[in-house]
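**Student:** Taking the hints into account, I'd like the entire structure generated from these sequences.
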Amino acid sequence: DAGVIQSPRHEVTEMGQEVTLRCKPISGHNSLFWYRQTMMRGLELLIYFNNNVPIDDSGMPEDRFSAKMPNASFSTLKIQPSEPRDSAVYFCASTGILPLRNTEAFFGQGTRLTVV
Amino acid sequence: RKEVEQDPGPFNVPEGATVAFNCTYSNSASQSFFWYRQDCRKEPKLLMSVYSSGNEDGRFTAQLNRASQYISLLIRDSKLSDSATYLCVVNIPYGNNRLAFGKGNQVVVIP
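Chains A and B, in that order, give the protein sequences.
So for the first sequence, my numbering puts the first residue at 3; every next one is plus one.
So for the second sequence, my numbering puts the first residue at 3; every next one is plus one.
Please keep in mind that the hints were generated in silico from the structure rather than gathered at the bench.
The structure displayed is predicted, hence computed values, not measured ones.
You may find that some hints are simply not true.
Below, simulated DSS-like cross-link-like pairs (lysine-lysine); rule was C-alpha separation at most 27 Å, straight line [what the hints assert, rightly or not]:
1. A/K26 / B/K81
2. B/K4 / A/K26
3. A/K70 / B/K81
4. A/K80 / A/K70
5. B/K47 / A/K80
6. B/K44 / B/K4
7. B/K47 / B/K81
8. B/K47 / B/K4
9. B/K44 / A/K70
10. A/K80 / B/K81
**Tutor:** Right, dumping it as structure tokens:
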């Protein structure tokens, strides 16, 4: 298996533009997570899905952020409009079983977003 | 109180020495505990799960103290390749059960 695949790896955009990050989880995994990582705040959970249904989006910072999972093999995280403070590394991760007892979360390589 | 707290360091460790650090968690109902390793500009990867009785994997030993709500990681005979950030991960068993990550302990092994 190729693992969790994220695209793009790097994104540089101007403030106010729409940004879409993509994730393909590991085949057969039924839970998908979006995280944001910065030096100041560490790794923060934004939202997660179970069986394509959003379960907890309390970590989404504001209405500019939205996430979808139209099917088991694809998810998007959209920021519209983007702001410089959104600059971070965004990770997608997937796991096979909920609850998460002794279940490993597999991470994608991340998207490094820079908003100028 | 934060869900998971770690002293970010850095922990500068001479090659061959032993280093240990703790992580505290706030939710007494948490049942699953992990250490993840994250290399610079890479994604986190599972290093080891932490079991109630403590467990060892080569030079790495993890322990859980439920009474004081902390887990620990000890690295013996440090190698240069051990330089990384070690993330403490705890499950938060509210309703939807999710993982909470600490900010990590940065370890720098010095030749």
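**Student:** Next step is simple, just say for each hint if it's right about the structure.
**Tutor:** Going through the hints against the structure:
no.: 1; hint: A/K26 / B/K81; result: violated (34 Å)
no.: 2; hint: B/K4 / A/K26; result: violated (31 Å)
no.: 3; hint: A/K70 / B/K81; result: violated (42 Å)
no.: 4; hint: A/K80 / A/K70; result: holds (9 Å)
no.: 5; hint: B/K47 / A/K80; result: holds (25 Å)
no.: 6; hint: B/K44 / B/K4; result: holds (25 Å)
no.: 7; hint: B/K47 / B/K81; result: holds (18 Å)
no.: 8; hint: B/K47 / B/K4; result: holds (22 Å)
no.: 9; hint: B/K44 / A/K70; result: holds (25 Å)
no.: 10; hint: A/K80 / B/K81; result: violated (41 Å)
Hint compliance for this structure: hints 1, 2, 3 and 10 are broken, all remaining hints hold.
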